[in-house]
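There are 2 protein chains.
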Amino acid sequence: MSHTAEIIAVGTELLLGNIANTNAQAISQSLSSLGVNVFWHTVVGDNPERLREALDIARRRADIIITTGGLGPTYDDLTKQTISAAFGKKLVFHPDILEDIRRYYASALHVPMPESNAQQAEFPEDCEIFDNPVGTAPGCAFESGGVHVLMLPGPPHEMTTMLRRHVEPYLRRLSQEVILSHDIMTFGMGESSVEALLRDQMEKMTNPTLATYAKPSEVRLRATAKAATQAAAEAMLAPVVAEVKALLGPIVYGMDVSGLPEACLNMLKEKKLTFATAESCTGGQIAERITALPGASQVYRGGVVSYWTSVKNAVLGVPQEILDQHGAVSEETARAMADGARRITGADIAVSVTGAAGPDPDERGTPVGIVYIGLSTPEGTHCRSLNLGKRRRDRIQNLATNHAYDVIRRYLSNLPIN
Amino acid sequence: MSHTAEIIAVGTELLLGNIANTNAQAISQSLSSLGVNVFWHTVVGDNPERLREALDIARRRADIIITTGGLGPTYDDLTKQTISAAFGKKLVFHPDILEDIRRYYASALHVPMPESNAQQAEFPEDCEIFDNPVGTAPGCAFESGGVHVLMLPGPPHEMTTMLRRHVEPYLRRLSQEVILSHDIMTFGMGESSVEALLRDQMEKMTNPTLATYAKPSEVRLRATAKAATQAAAEAMLAPVVAEVKALLGPIVYGMDVSGLPEACLNMLKEKKLTFATAESCTGGQIAERITALPGASQVYRGGVVSYWTSVKNAVLGVPQEILDQHGAVSEETARAMADGARRITGADIAVSVTGAAGPDPDERGTPVGIVYIGLSTPEGTHCRSLNLGKRRRDRIQNLATNHAYDVIRRYLSNLPIN
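The listed protein sequences correspond, in order, to chains D and G.
Numbers 1439 to 1856, taken from the working numbering, label the letters of the first sequence in order.
Numbers 1439 to 1856, taken from the working numbering, label the letters of the second sequence in order.
Hints are not guaranteed to be accurate.
If we take Cβ atoms under 10 Å as the criterion, some of the chain G residues that face chain D in the derived model are [what the hints assert, rightly or not]:
1) His1595
2) Tyr1608
3) Arg1611
4) Thr1715
5) Glu1717
6) Ala1785
7) Gly1796
8) Asp1798
9) Pro1799
Because the hints were derived from the structure by calculation, they are not lab data.
Keep in mind the model is a prediction, meaning the values are calculated, not measured.
Even glycine gets a Cβ: it sits at the ideal position worked out from N, Cα and C.
I would like the entire structure built from these sequences, with the hints used as guidance.
Quick look at the structure:
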C-alpha cells in the first residue's frame, strides 16, 4: 500500500523569509527513499486558526501528516494543542519527560529549566513520544482514523536527528517491506546525458528503481529496492549498481558519499597519502570543503590562497619568468603552483587552481570561465584546462573546486586526468 | 489597505527534496519589507489537478498569489495553462516575445531555439508580461476579481532578477505609499539581548517599524518606514537608525551590507589597505568568504591554510619553540601565525585563527570550542581568546570566521579588539 504525505511547517520566521524551509527538503528526501509520496508542503505561521485550517485540508488529502516547529516552551508554540484539538485528543502531562528535559537543561545548557517548559512534557493521549537528545522539545506521533500525525521540532539539527532516530523507523513499520537505497555519485556529465545512457534501465525498472538527482555539476543516481529483508534488498541492488557503474564508467566517483571531497578523503585515508592545495580563483573553497569534514587532518596538510600574483611567487615559489611570460592564469602557472604547494607543505600530492572567475576578465584579458587545474605528484605534474563559460562567479568557483577534487580522485584511481 | 499573499511553488523536484524552496524565502523577505502579509507557502508538484486545487484554496484566503516554476518549454510545465483555466482566461500567443526568446537562445545560449519553446510566448489575456533578461521563461501578472496573480520562473537566479525588476514595482503600485528599509547589522550579541535593549523602541513604534532577524551569531535589525515619497521615508528612518546605533554601540558593524566580510571589504577599500589570512581550524573559510565577493582582489592578497602544525612552522614561520611550548592552539601561535601571514604576503594587516573545532579535542587535549584570533598590524599584534563551547564543528568554524572579520573591522574602526 502506498502512502501519501503532507509536510506542514509551523513558524512565522519562515513566512517572513528569515529562514528557508530546509526541514521540508530533508523530510522529503527521506520519505522519497522510503517510498512515501509527498504531494504537498505547506507553511503556516504561529497562528492556531490557520494551523487548524492547514490540518483540516491536509487530513482530507494525505494519510501521513508531518509537522515541524511550534513545540517550544513559549506562548506561541501551539502545535501540540492545535493538533490535539483538531483530532479530538486530550493533552496528558508526562512527569518523566519533564525530568528528562530538566536533566537536559542541567547537563547541556548549564542553566536551570524555566517552569514554562512544563508544557513541553504534555502530549496527546495514546501517542508515541520521540525523545530529543539534542534539544528540549520531544516529538510525538499518533494515528487517528487512518491518518498518521507526526510532530517534530523546528530547529533543523533537532529535526534531522529525530527524523533518523524515530520517523524513519516509524514509517518503515507502516509497511511490511524493507526499503533500501544506494546513491551512486557521478561527476563530469550533465543530467540529461546520464539519463540518456540509462533510459532503457530506468524505464523498464519498477523494483528496484533508479532515479537521478542533479546538483550543479554533479548527478546523483539513487537505486532503491523494496524487499522482505535487508539482505534481499541488498541482493536486488547489487546487479543494478554494477550495471550502472559499467554503463557510466569513470564518471562514477563513489557510492553513498556526500560529494567529491568525501570520496577523496576516504581514498587518501586508505592509501595513507596526504595532500595540499594552492588556490587562486577558488579563493580557499577547496580547503574549506575538505576541512568541513571531520577527520580531514589525517589527509590534508594545508595550502595557500595565492590570490595576488605576488603571493604566487613569494609563498609558492612560482618563478617570476613564468608569471611574466604566461600570466597568472595559465597552464604553466597552475603546474608551478601545485609543485610549490607540494614542496612547502611536504604533502604527497598537491592540487592547484588558477582561473578567471569574473565578473570581469583578468588584467591580461583572460575571458571569464578559463580555469587551469594543476596536480603535482611524485610521478610528475599534470594539468586540466577548462573553459567553464561566462557563468556566475559562484558557479565558476564551485565547478572549479569540484574539478580539482575530480582530478585528485582520478589520479588516485589510476584514471587519466583529462 | 493591507494585502495578504500566498506563495505557491510548482515543482516535483521540491517534493522529492532535490532542492529547498529558497524562492519562497526570497519572495517572503521582499514582501515583508513591502508591508504585504505572507500567511501561506504551498508547494505542489508538476500536476495540473493539484495545482488547480492549490489555486482554488489560495484565492479564497489571499488577494495576492505568487507562483514560481512551471513556465519552461516542456510538456510538464503547466502553470500558465492551469492558472488561465482556473481564472477563466484564454491564452494568447505573442510573436514579439517569441522573437525575444529566440534572440536569447542565439546570444546567450549559442544554440538555435527548439520549436517547443513557442508555448513560452503564450500568456493569459489582459496580463502584464515580465521580461526575463537571464533566462528563457518570461513571467506575467494579471488581476481578476480583486486577486492579483503573479507567475515567476523557478530557477532562483531568474526568479530573483524578476522579483527586483518587476514584482517589487508591481506591488508598490498597489499601494500609494513608498516603503523603505534599512538593515542595521550587528555582531557579538544574541537576539534576545538585542531585543531587550531595544524593547521600548520596538514596542512603541508603528511607522517606522523595527524588527530583528537572527542568523547564527549575527542579528540584523530592519527599520522600515512608509511615506508618500522616498525622501520622506528616508527622513523618518534617519533618527531611528541613529538611535539604534547609539543604543547598541560598537556591536553595529554596518548598514545595508550582506555580512561582516562585505563590511570589511568596503572599509579596506576606502582606507586603501590590504589583508592576508592564516587559518587553522577555519580551514579556508575566511579566505572563501572574502573571495566570494566581486572586487575582493583589491583588498585581499591571499593566505595560508596551515592545517598541520608543520605547515605553521614551514610556511608561516611560526617558531618551533612556540609550537612546542604553547601548542598549536594557543594565543602565542595565533599571534605568530598572523605575523607570518603579514610578512610573507606583504599585506598591511593579517588575521589568523587557531582552535579546536571538534568533534574531538586536539592532540594536546584542548577542549572543543577553544579558539584564538590573531591580528597583526603595523602598530602591533593583538589576540582575541574565545571559548565557543561544545558546538557542532560547522558552527564553530562559522562563528570563528565571523569573529576574525569582527576583529578586522574593530581594528579599522579604532575600537578595542576585545
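Evaluated hints:
| no. | hint | result |
| --- | --- | --- |
| 1 | His1595 | holds (7 Å) |
| 2 | Tyr1608 | violated (18 Å) |
| 3 | Arg1611 | violated (21 Å) |
| 4 | Thr1715 | holds (7 Å) |
| 5 | Glu1717 | holds (8 Å) |
| 6 | Ala1785 | holds (9 Å) |
| 7 | Gly1796 | holds (8 Å) |
| 8 | Asp1798 | holds (8 Å) |
| 9 | Pro1799 | violated (13 Å) |
Comparing the model with each earlier hint shows violations of hints 2, 3, 9; every other hint is respected.
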